[in-house]
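Undergrad: Could you slot chains B and C onto chain A? The hints should help.
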Amino acid sequence: MQARIGELALLLGGELIGDSGVEVSRIGTLESAAPDTIAFLANPRYQSQLAASRAGCVIVGPAMREAAAARGAAIVCADPYLAHARLTQWWVARERGARAAGGIHPSAVVEAGALVDPAAAVGALAFVGRGARIEAGAVIGAQAHVGAGAYVGERTRLEPRAVLGEGCRIGARGIVHSGAVIGADGFGFADNQGEWVKIEQLGAVRIGDDVEIGANTCIDRGALDDTVIEDGVKLDNLVQIGHNVHVGAHSAFAGCVGVAGSAKIGRHCTAGGGAIILGHLELADHVHITAATVVTHSIRRPGQYSGLFPIDDNASWEKNAATLKQLHSLRERLRALEKKAS
Amino acid sequence: MQARIGELALLLGGELIGDSGVEVSRIGTLESAAPDTIAFLANPRYQSQLAASRAGCVIVGPAMREAAAARGAAIVCADPYLAHARLTQWWVARERGARAAGGIHPSAVVEAGALVDPAAAVGALAFVGRGARIEAGAVIGAQAHVGAGAYVGERTRLEPRAVLGEGCRIGARGIVHSGAVIGADGFGFADNQGEWVKIEQLGAVRIGDDVEIGANTCIDRGALDDTVIEDGVKLDNLVQIGHNVHVGAHSAFAGCVGVAGSAKIGRHCTAGGGAIILGHLELADHVHITAATVVTHSIRRPGQYSGLFPIDDNASWEKNAATLKQLHSLRERLRALEKKAS
Amino acid sequence: MQARIGELALLLGGELIGDSGVEVSRIGTLESAAPDTIAFLANPRYQSQLAASRAGCVIVGPAMREAAAARGAAIVCADPYLAHARLTQWWVARERGARAAGGIHPSAVVEAGALVDPAAAVGALAFVGRGARIEAGAVIGAQAHVGAGAYVGERTRLEPRAVLGEGCRIGARGIVHSGAVIGADGFGFADNQGEWVKIEQLGAVRIGDDVEIGANTCIDRGALDDTVIEDGVKLDNLVQIGHNVHVGAHSAFAGCVGVAGSAKIGRHCTAGGGAIILGHLELADHVHITAATVVTHSIRRPGQYSGLFPIDDNASWEKNAATLKQLHSLRERLRALEKKAS
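Chains as they are written, first to last, in my numbering: chain A, 1 to 342; chain B, 1 to 342; chain C, 1 to 342.
Accuracy of the hints is not assured; some may be wrong.
[Stated by the list, open to error] Cut-off 30 Å, straight-line C-alpha distance, at most; resulting in silico cross-link-like pairs (BS3-like, lysine-lysine): (1) C:Lys340 / A:Lys325; (2) B:Lys198 / C:Lys264; (3) B:Lys340 / A:Lys319; (4) A:Lys340 / A:Lys325; (5) C:Lys319 / B:Lys340; (6) A:Lys319 / A:Lys340.
Don't read these hints as lab results, they were simulated from the structure.
Next up, chain A with everything else stripped away, as it sits in the complex (with noise of 0.2 Å):
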């Protein structure tokens, strides 16, 4: 694929700096681009990269507009991450368009009462269970599940392998990567004298807009109602939400985060990786989880939460640690001496 320097200037509504002309035919970093690559700087950390870059044109912001220039063409951008972001979808819905086919692989299972666009595809040895729908556009990737009832929104899709379970919904341009399993049954027993007797889960899952899902993610159905993943929310891998949990619209959630049934995560919340989220509390809009870090109780104000054990050499941490289990102790001596000296 090539594309002209100038094209995308006026794509990314940028100033052009240089030659409207120039052709690149590949999206690269500073670092690695060839004359044939286009690059971007959006972190001032990464400034030193930009005289010394061999780049056919760089997408900088309004700051950078002369080191840029002065090393050759340039496309001027407010927001230079963003403007990277653009570049690259359209990059890719260029190079998808080329090579789209649509229709139903004949090595596909459709059940009868599944009802398949015209101009959505259902890849090779993809499953569609009766009374599933998939609209326009959408793309089911190969060995793909789609239970019954399922639906499946414009342009939305399941990547290879990917699960939509029976009765679940996802809404329009999301992406579900390969191995994720939306709608396995929520975790829910009752104790019986010490033995588990299992509460079959009659919710589903629905999914907003614009929502990305993370390859090998789970989310499970509601026990009564629905679990709900609102617009725009993006997860990352190997992320778990439990049960009846309810995301607000553009939270994110990076690899490994647990969230435990019937959480209720406020709109713009993000959790960095590993974070374990409990059940049944809430956390307020624009709430900010460190990696790692366990949420044991509601928070009800924004902001940035932490609490993780830091790390250090082995034997450093381990005289630490094991004092650690003497603190409360310490601080009754310490509350002793003080006493002793006032």
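TA: The following block gives chains B and C in isolation, referenced to the frame of chain A:
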């Protein structure tokens, strides 16, 4: 589906208050209930929802008898949560029964020498290897995988895209959710001057009756002997069980728990989400591990065990975490002061 | 399968004690061994099991030579654990060889333009995309997925239902376990006034030779350049490797480890189960991270590093954890006392 509440009271062994001919067509929460809904109240915390609920019938405990009767039809049971669990099971069994389709889907691949009971079902695009045996009433979901020589007990369900590896066994009435992998190789290597030499994993996985295994959960095969999961164990999603682990009957692990190789877990144990249990150790029966806690040594006495860093606003956490690295020396300074003061 | 212990002694380069014609048909533990079993003793901790074992032959180190000879046949090797590893490999290779079935299963979908070596095998219901290349001796398991343009090196095995994404490469003699997803999109978004704008992930994943990747483990494709896993790396189950991570040769991560984007891990590093390594940092060669530890900054020196909260009975933990929130102020109070006392 419809059911008369008189029939349900008999089923649940409860006392019926109200007209036995009232029909319900849905199980729901008190809050979202309509007149066609049967709901339950188990947790006194939600008692305030009882009077306001529009449910056609409510399941309550003896203590709520009067309050429930004051608003309409009710079924009074000794343990309303357990009654609710049983109701959901009966409900789902009736629904499933109505649409059960036995037999082997024509797109499934069943190798020669596999034994599939005529009363079992093998879904679309599923695979059953040579020498495997599927008992009566078992359901192998679409795109699921049963390896050569594996065994699936009566009425056990493998959900779509679950994997039961070569030679592994699961007993009766189990559920294996989508994406679960039973019988991948354990993580075993010998160090040969800095390079890892694979130890082939020659054991299998043996799973008892009434076991439920969550979506994308992994249970590794044993190195020499088998990995064993006893009857009634419940594992949530994204749980990792290493080779030669032994999980005692009726233990339950929440999402994202990891158990390292050769750990021996007792009966009736639980672990909260994200807990890590190291290898080559033992937990007694009735040991309960708090979420996100790391078990580093054997625990011989029943009880609740914890070890997670408390969450705090980020600024406070930073100060305390930094001080934590000096905790041992703080203790020494305190000791010195105590000597001086004595 | 049967083997004479004389043959095995030659294979392992060990000294044979006893009758070379003794036949064994199984590799087992000392404890569960029968006369048809060959077992090994590597850890002196299990020495007491030696005399009692019914094994037909035991593999031991030089220090155990006399004790082993006293009970029967033995093979004495410099490193009995390594010898055991090699024995298991030889054993499994012979078993597999006996039932190897090359070729493409008729139910598999191999797109036009894919190159499958005649000495490779593609299992039932597997998918191989256009332009992919599968080398001699490679095995693509049932229901596995090889994306367009992907590359699978000689004798590498994708287990059932593994995914190797579009354009991703794995070298020779690798193993990718069931459910692993190589090449899902990295987690990259630009913030546009509170909404996340996707950055298409244009890199791939490049994996060296002799790499093993665990069940349901995820390795994301790079944003622009590739994510790289060097030769001999071993990843356990449910591991998350973010985009543009670089893992140096012969490093090994236990289950549930998460590595965030652009982390650069040295050679011969290890991480225990559940460890989290944050992004944009570097670990030197020979850095070992304890289980459940969070790496928040670069580590430049080899060694063992730890940071996990010690487990305790719940009541003690609660007291210490509560006090932990006052740790910084305790230090201030101690300082004040010290001043007063000096």
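Undergrad: Go through the numbered hints given earlier and state which of them the structure violates, listing their numbers in rising order.
TA: none
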